[in-house]
Amino acid sequence: MATHNYQIFSCFNRKFTITQPGPPSDIKQTFSLFSAGNSSFSADHLRHFLSDHQLEDPHIIHTILQSLKHDHETDIEGISVDEFFNLLLHDHQFSSPLNSQVHHDMNAPLSHYFIYTGHNSYLTGNQLSSDCSDLPIIKALQLGVRVIELDLWPNSTEDDIDVVHGRTLTTPVSLKQCFKSIKQYAFVKSPYPVIITFEDHLTPDLQAKVAEMTIQIFGDLLYYPETDYQTEFPTPESLKGRILISTKPPKEYLESNQSKDKDSETELADKVSSSLDPTNELDTDDRVAPEYKNLITIHAGKPKGDDVQDDLKVDGQVKRLSLSEQKLEKASESNGPDIVRFTQKNILRVYPKGTRITSSNYRPHIGWMYGAQMVALNMQGHGKSLWYMQGMFSANGGCGYVKKPDFLLEKGPHNEVFDPKRTLPVLKTLKVKLYMGTGWSTDFDQSHFDTYSPPDFYTKIGIVGVPADKGKKKTKVISNNWFPVWDEEFEFPLTVPDLALLRIQVKEHDTEKDDFGGQTCLPVSELKQGFRSVHLYDEEGQKLKSVKLLMRFQFI
Numbered sequence: 001m002a003t004h005n006y007q008i009f010s011c012f013n014r015k016f017t018i019t020q021p022g023p024p025s026d027i028k029q030t031f032s033l034f035s036a037g038n039s040s041f042s043a044d045h046l047r048h049f050l051s052d053h054q055l056e057d058p059h060i061i062h063t064i065l066q067s068l069k070h071d072h073e074t075d076i077e078g079i080s081v082d083e084f085f086n087l088l089l090h091d092h093q094f095s096s097p098l099n100s101q102v103h104h105d106m107n108a109p110l111s112h113y114f115i116y117t118g119h120n121s122y123l124t125g126n127q128l129s130s131d132c133s134d135l136p137i138i139k140a141l142q143l144g145v146r147v148i149e150l151d152l153w154p155n156s157t158e159d160d161i162d163v164v165h166g167r168t169l170t171t172p173v174s175l176k177q178c179f180k181s182i183k184q185y186a187f188v189k190s191p192y193p194v195i196i197t198f199e200d201h202l203t204p205d206l207q208a209k210v211a212e213m214t215i216q217i218f219g220d221l222l223y224y225p226e227t228d229y230q231t232e233f234p235t236p237e238s239l240k241g242r243i244l245i246s247t248k249p250p251k252e253y254l255e256s257n258q259s260k261d262k263d264s265e266t267e268l269a270d271k272v273s274s275s276l277d278p279t280n281e282l283d284t285d286d287r288v289a290p291e292y293k294n295l296i297t298i299h300a301g302k303p304k305g306d307d308v309q310d311d312l313k314v315d316g317q318v319k320r321l322s323l324s325e326q327k328l329e330k331a332s333e334s335n336g337p338d339i340v341r342f343t344q345k346n347i348l349r350v351y352p353k354g355t356r357i358t359s360s361n362y363r364p365h366i367g368w369m370y371g372a373q374m375v376a377l378n379m380q381g382h383g384k385s386l387w388y389m390q391g392m393f394s395a396n397g398g399c400g401y402v403k404k405p406d407f408l409l410e411k412g413p414h415n416e417v418f419d420p421k422r423t424l425p426v427l428k429t430l431k432v433k434l435y436m437g438t439g440w441s442t443d444f445d446q447s448h449f450d451t452y453s454p455p456d457f458y459t460k461i462g463i464v465g466v467p468a469d470k471g472k473k474k475t476k477v478i479s480n481n482w483f484p485v486w487d488e489e490f491e492f493p494l495t496v497p498d499l500a501l502l503r504i505q506v507k508e509h510d511t512e513k514d515d516f517g518g519q520t521c522l523p524v525s526e527l528k529q530g531f532r533s534v535h536l537y538d539e540e541g542q543k544l545k546s547v548k549l550l551m552r553f554q555f556i
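By UniProt numbering, the letter at position 342 of the sequence shown is numbered 342, and the numbering carries on one by one without gaps.
One or more hints might be untrue.
Each computed EDC-like pair below joins lysine to aspartate or glutamate, with the alpha-carbon atoms no more than 20 Å apart [stated by the list, open to error]: (1) K545 to D443; (2) K403 to D105; (3) K470 to E526; (4) K28 to D105; (5) K476 to D498; (6) K433 to D52; (7) K476 to E488; (8) K69 to D44; (9) K176 to E232; (10) K411 to E232; (11) K302 to D338; (12) K476 to D514; (13) K176 to E158; (14) K473 to D450; (15) K176 to D162; (16) K411 to D338; (17) K473 to D443; (18) K69 to D105; (19) K433 to E491; (20) K528 to D91; (21) K28 to D91; (22) K240 to E333; (23) K431 to D26; (24) K431 to D510; (25) K472 to D514; (26) K403 to E526; (27) K428 to D456; (28) K313 to E291; (29) K431 to E526; (30) K293 to D307; (31) K470 to D498; (32) K431 to E489.
It is worth saying that the hints were derived from the structure and are not from the lab. Bear in mind that the values here come from a model prediction, so they are computed numbers and not experimental data.
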């Protein structure tokens, strides 16, 4: 119990007594059931609870019990209901909603995985005038991003390579600095391969210099393809600890002086417009820079026109194709099945449209539901789209590779494939019960949310997935309480649960704009059933130190 004082107009003092809530009735009943009416849990009681109620695997149960014995020095032969409640709320290993270990099959080709992918990974802010730096690359790798994009341009003296968003006002960073940071941070979060994609605007001499620099800096970390003609991509498991290069095969560099005769303002506008489309590369032939070509594991290409049907044809050699979000959405209207078939063997990269100058993002499901592996987002911002991305890649132990559902990799007897726009029967229903929240009084100042009173929290819970799987629910507002107790339950019917994310956001009710209180997205396919402690994150995706929700998940 604590007292919070709020001063009004320097004259009046309002006192609020805040009491942390005890165990919800559901937890008391469950404790009584598994303890056979006793006042404490034995080790066997706890083991049965973890097995029968939480549905944990035997090896996870063993790990949890060992952790309780050694890490917390807990006497698991005499746990009271209050200690049991405290474990559920505060011990993340005991009640985590997700498996923290890599558990997907990592021995399939790269094309069988969704891969955590960044767009223009070197930019610190907007697409036109922000600084280029290796710091956003470092941050992305620390978060588990596995695909880093670098735009390569000649420096001002044309004797070295800059990483810069060309033909804009962005300031460059050296390729060497980016490479050094990638080498240092590539595997701090995940041991699985890092793929560097180049947007190449270089002369043959500078391409050769890139090849030399790549080999010199990455050394044995660099993966060389065994053959120039690949019929299947290697597996993430076989590439652990390796760095791969993906770009178009080298082309001759053609300089054009036509733009020099243009009015300078018109020239800048034209260059900005063209530079915002990453497929706007120089079209030449591939007769030069063989040492550069030999580095390329994933050969990239671009559409040959507005109609991408020919580009989506599947032949013997595997490749990567890049489409803007707009071109993907247009292609999906008439060529949806072709996109799915293409991604079963090849890699599809989707990137933000050129008008997203502020580095905003699109909804990543537009790519995932067609099997696109590299759904590239601007990582330097924040917002719902990035929350969805962070939620998707919290799966599989957060390693940056998530195995695609089998239905995206299968063909029917008549070559038919999954159609995300087709409404399917409900496969399962997710029941979500939200009991309470805690931690705001620790992480935030007393007057952070309201100047004159404790906060008024409510929670929004929803589903994001294929078009048929959507739903939004909202709890009641709990007024003047740092420890809100909602005790509300919601149901979400799901037709394609393997592509669904559970979105949770806490807000603080205000007379004007409601304040942000924390958020998280959880992959439904990975959710553990039973009582779970769910950590919340800030708007930029950083975990809040103490804020968490006590919830229960069930599938029916």
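Hints, one by one, checked against the model:
Only pairs whose Cα atoms come within 20 Å are accepted, and K545 paired with D443 is accepted, the gap being roughly 7 Å. Between K403 and D105 the CA atoms are separated by roughly 7 Å; this keeps the pair inside 20 Å, and the hint holds. Distance check on the hinted pair: K470 and E526 sit about 18 Å apart at the alpha-carbon level, within 20 Å; holds. For the suggested pair K28 and D105, the alpha carbons sit about 39 Å apart, so the restraint of at most 20 Å is broken.
Taken as a hint, the K476 and D498 pair is broken in the structure, with Cα atoms around 29 Å apart against an allowance of 20 Å. With a C-alpha separation of about 18 Å, the suggested pair K433 and D52 falls inside the 20 Å cut-off, and the hint holds. For the hint linking K476 to E488, the alpha-carbon distance of about 9 Å falls within 20 Å, and the restraint holds. In summary, the hint linking K69 to D44 is supported, as the alpha carbons are separated by about 14 Å, within the 20 Å threshold.
Under the criterion of a C-alpha separation no larger than 20 Å, the hint pairing K176 with E232 is inconsistent with the structure, at around 31 Å. With a CA separation close to 18 Å, the supplied pair K411 and E232 stays within the 20 Å bound. Distance restraint check for K302 and D338: the Cα-Cα separation of roughly 16 Å lies within the 20 Å cut-off, and the hinted pair is therefore satisfied. Restraint check: the Cα-Cα separation between K476 and D514 comes to about 14 Å, which is no more than 20 Å; the hinted pair holds.
Between K176 and E158 the alpha-carbon distance is near 15 Å, which keeps this suggested pair within the 20 Å criterion. A hinted pair counts as satisfied when its Cα atoms are at most 20 Å apart, and K473 with D450 does not qualify at roughly 24 Å. Of the pairs offered as hints, the one joining K176 and D162 holds, with about 9 Å between alpha carbons and a cut-off of 20 Å not exceeded. Distance restraint check for K411 and D338: the Cα-Cα separation of roughly 12 Å lies within the 20 Å cut-off, and the hinted pair is therefore satisfied.
At most 20 Å may separate the alpha-carbon atoms for a hinted pair to count; K473 and D443 exceed this at roughly 26 Å. Restraint check for K69 and D105: not satisfied, since their Cα atoms lie roughly 32 Å apart, outside the 20 Å limit. The suggested pairing of K433 with E491 holds, with an alpha-carbon distance near 9 Å, which does not exceed 20 Å. Taking the CA atoms of K528 and D91, the gap is near 15 Å; set against the 20 Å cutoff, the hint holds.
Taking the CA atoms of K28 and D91, the gap is about 18 Å. The hint holds against a cut of 20 Å. Among the hinted pairs, K240 with E333 is inconsistent with the structure: their alpha-carbon atoms are about 37 Å apart, more than 20 Å. Proposed proximity of K431 and D26 is supported: the alpha carbons are some 15 Å apart, at most 20 Å. Between K431 and D510, the direct Cα distance comes to roughly 29 Å. Violation of the 20 Å bound is thereby established for this hinted pair.
As the CA atoms of K472 and D514 are separated by approximately 17 Å, the hinted pair is consistent with the 20 Å bound. Simply put, K403 and E526 have alpha-carbon atoms about 12 Å apart, close enough for the 20 Å limit, and the pair holds. For the hint linking K428 to D456, the alpha-carbon distance of about 34 Å lies beyond 20 Å, and the restraint is violated. Restraint check for K313 and E291: the C-alpha separation of about 29 Å exceeds 20 Å, so the hint is violated.
At most 20 Å may separate the alpha-carbon atoms for a hinted pair to count; K431 and E526 meet this at roughly 14 Å. Between the alpha carbons of K293 and D307 the distance comes to roughly 28 Å, so the proposed pair goes past 20 Å and is violated. A C-alpha spacing of about 13 Å is found between K470 and D498, which places the hinted pair at or below 20 Å, so the restraint holds. A threshold of 20 Å between alpha carbons decides the hint, and for K431 with E489 the separation of about 7 Å falls inside it, so the pair holds.
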